[in-house]
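Since chain A is already given, all that's left is putting chains B and C on it; use the hints.
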Amino acid sequence: MAKGLDAQARQGYALIAPPFLYALLILAAPLLTILTYSFLTDGYLEVVRDFTLANYVQVWTDPIVRTVMMRSLTVSALVTLVTVLLAFPVAYYVSFMVRPEKKATWLFLITIPFWTSYLIRVFLWKVILGYNGVINSSLTGLGIIDEPLTFILYNVNSIVITLAHAYAPFAILPIFVALEKIDRSLLEAGRDLGESRAMTFWRVTLPLAMPGVLAAVLIVFIPTIGDYVTPELIGGGKIPMIANLIQVQMLALDNRPLGSALAVTAMAIVALVSVVFLFINRRFLKVRL
Amino acid sequence: MRGQGRGLQVYAALYLLFLYAPIILLPLFAFNSGTIIAFPLQGFTTGWFAQMWANATLRTALTNSLIIAVSASILATCLGIFAARASTRFEFPGKGGMMGFILLPMVLPEIIVAMSLLVVLLGMGVQLSILTVIVGHTLICMPYAIAILTTAFSSLDKSLEEAAYDLGETRWSAFRLITLPLVMPGIISSLLISFTISLDEFIIAFFLAGNQPTLPTYIFSQLRFPKQIPMIMALGTALVALSIVLLALGEYFRRRGNARMGGNPTGGFL
Amino acid sequence: MSETRYDRLDAATPMIECRGVHKHYGDYHALRGIDLTIRAGEFFSLLGPSGCGKTTLLRTIAGFEDISDGAILIDEKRMDEVPANKRPTNMVFQSYAIFPHLTVAQNVAFGLRRDPRGKAEKAALVEDALAMVGLRGYGNRAAHALSGGQRQRVALARALILKPKVLLLDEPLSALDRKMREQMQVELIKLQRQVGITFVLVTHDQEEALVMSDRIAVMFEGEIAQLDGPEALYARPANRRVADFIGVMNFLPARILGEKDGIVTAEAPGLGVVDLPARQVSRANPDDDGPTIGFRPETMTLVGPNQTHSQPRETNATIDEVVYYGDMTYYDLRLDGAAAMDGKARPVRISMRNVFGRDVQDVGTRTRLAWSPGSLVLFR
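Residue numbers (this note's numbering), protein chains in the order written: chain A, 1 to 289; chain B, 1 to 270; chain C, 1 to 380.
If we strip away everything but chain A, and leave its shape as in the complex, we get:
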């Protein structure tokens, strides 16, 4: 009758099996396929089963790939920086200044725009930032500027602004959760021990909020590096990022091995960045989100 844990474990496995098998079939199998593809050779109309590292060599040496890759990383890093910096004060405000019964409403207000059509939101930024867009036409109409501003026009800046908007709630929520977890008496204790408000913020609040900030960084960085729509719509396809390149290789040029190698490299970069941040997070505090 040696049951006990076994019976519990069996039930657990039985329950987790459907979603796990689904993920295995729909996610793991395709990922393994492209991992395999990335080591094979591209032939005419088909993939040749010859093992090669040529795709990776090309990924790391091709100047176009490198430019796109660097651009993707820079844009993602910039978006992450801007988003998190802009989001922190808002999370701080909602956590520390808003009365407890109003917090849910604030969070609700912050999340609503996120649930509206992503494509249309991105497009509207084009409208706002465009040559005859809201900002330029208003500013010229008011006589503040004579010529439309061009630095916000269809370039990396406009991509950054658009993505910073798209991922705002993703940054605010984890920071908010981390701030909420801070024991308020710690802050009072800091003040009680004669520290200034700024010092208390710097020495108590910020370190304790750090896990949330790091989570926000990851949550913003990962999807932006794979963003396809914004460069397509805002950049007009003229400033492609890694996702666009993967799509072009996979479909338009039908070079699946190279496309796969690109995808695997992108995943590896994402994984590397995640691991680095998780490591920093662990060092900061044992608090986990």
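A hint or two may mislead.
[Unchecked claim] Computed footprint of chain B on chain A, listed as stretches where at least three residues anywhere in the stretch have a Cβ under 8 Å from a Cβ of chain B:
| no. | region |
| --- | --- |
| 1 | 26-37 |
| 2 | 102-110 |
| 3 | 113-127 |
| 4 | 196-203 |
| 5 | 253-260 |
[Stated by the list, open to error] Here are the simulated distance ranges between beta carbons:
| no. | chain 1 | residue 1 | chain 2 | residue 2 | range |
| --- | --- | --- | --- | --- | --- |
| 6 | B | A241 | C | A142 | 54 to 64 Å |
| 7 | B | A241 | C | P83 | 49 to 59 Å |
| 8 | A | A17 | C | G134 | 10 to 20 Å |
Hint data in this document are derived by calculation from the structure and do not stem from the laboratory.
For every residue, glycine included, the Cβ atom is placed at its ideal position computed from N, Cα and C.
Below, chains B and C alone, put in the same frame as chain A:
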């Protein structure tokens, strides 16, 4: 203190304006009679909504999107219930790894999910259709469903079900009579959020739908034609209104669930 | 010896029998061969520190956990293959597990769902059960709006309405405040006598176990260390660990001088040489440094300067500390000669009831302590 609070308040208000800027513009252009999306506004019209209503392709796209979103949200929520219950109720070796793997699509760039799935489907000779989109959407909605459902399941006292079992019910009837009603708000939230995610998802739909239009892919194809944009603005306005209604519903059910459990009504989505 | 409560129970009718019950969780051995008989109609407690296996044992009796080895019988029937929902037991959970989406009456009636009786008859049963726990008229209230004490009562009514052979109570009072807890202890005793059902209580609170139980099984590390009535458990602990766990006991190192006809002669610093019969001799802990002599704080008496006493022995002492509790005063004393063995000071604690005419003595006072060897326990 006051000065700092004031400054932050102003900043938070400006930030909200930044968040809402596109959404505020949306109805302005949707009801604007001008054909070019630019200021100054021309005059009031509901013509774009009429044009949207009469558009047959749009209707097909809407039907497809609704079929996909309903199917994917139900599938994702069902699978999510299994995972959430397994993770909150049972201990077994490898649980963390398995759960982490199921939640992986949440942090994986969608383009990679879409591309790898596409490559495999094409390799197997599967005909692309809304069915393949449902498969993909179920995968990406599942982590969100699990996140919501895990919260719902974990706030449940384990001994409630045991008590029902102890009082003579079977395992299944204890689940049906006690657990299910108590996590129902979570299930409804999960359905609504999965539905919203699927309805708005572009990349997977774009690559896996074959020649079938969905709302986002239809919108994407129309954004290239300036003539069509006022109608897309009208569509966007309708979608925003729908999203807000669905979200408000989801929030309502979540809070009601909390109140029923005697919990406090704070917190939010995710 | 006076007759104790449990002696009056019919010892011939066992309700629950555990025979060599083992429970493993992977490498962890939670129950290590439990042999136990709980009699029909008794109020039985499983007492021990957290992690001792008492809740696991209760849950194996309820059927929530399988046992790894051994057998459990309830009312002379093997329970191995009987699931929890078919066992003649019902449980009151630590969290009470009141269904929050149902009313009080729906909660109480929950177990009657499969009962073929009519609606009116069931409603009457529910009303009776609520009246029994003092909640008459609460039927239509929402369960989540109840106070802790009321939830507890609903949980009792919900379990008792099914007239189980055994009611299992898992730390049912631990969530209540002190006053409420003491009130519920008395109510539970009355309720148990009224319904006559066998109650099995799990608790880590030794006072609660002493107050409520006919018999108590003290558990450590998956084993039963002692099974006895409250009085025997308190006065004659089977080993030093039990003595330590239940109430307060003073320990002094002892030396065994000899043993003859079942009488052990021992010496303890400050107490001198004493002869102790076998019933006053218990087992020491394996990690003890040697034999010890123990006594309870209330078994020795401080004697005022001009008072007389009728105890056979007397020891001089100095008062180190006085702790005043209102009804009681605790004195920490240094016995003369207590440090003689190795120079270590060994304070002992004595409690005195503050009865009329007895003054609280001051710190530093030289005083006399009257006692009898009959209240000592030797742990060897």
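Hints versus structure:
1. 26-37: holds (count 9)
2. 102-110: holds (count 6)
3. 113-127: holds (count 12)
4. 196-203: violated (count 1)
5. 253-260: holds (count 3)
6. B:A241 / C:A142: 54 to 64 Å: The hint (54 to 64 Å, Cβ to Cβ) is violated, given that A241 of chain B and A142 of chain C are roughly 35 Å apart.
7. B:A241 / C:P83: 49 to 59 Å: Distance hint for A241 of chain B, P83 of chain C holds at roughly 52 Å.
8. A:A17 / C:G134: 10 to 20 Å: Violated: the Cβ-Cβ distance is about 48 Å, outside 10 to 20 Å.
Going through the hint list in order, the structure does not satisfy hints 4, 6 and 8.
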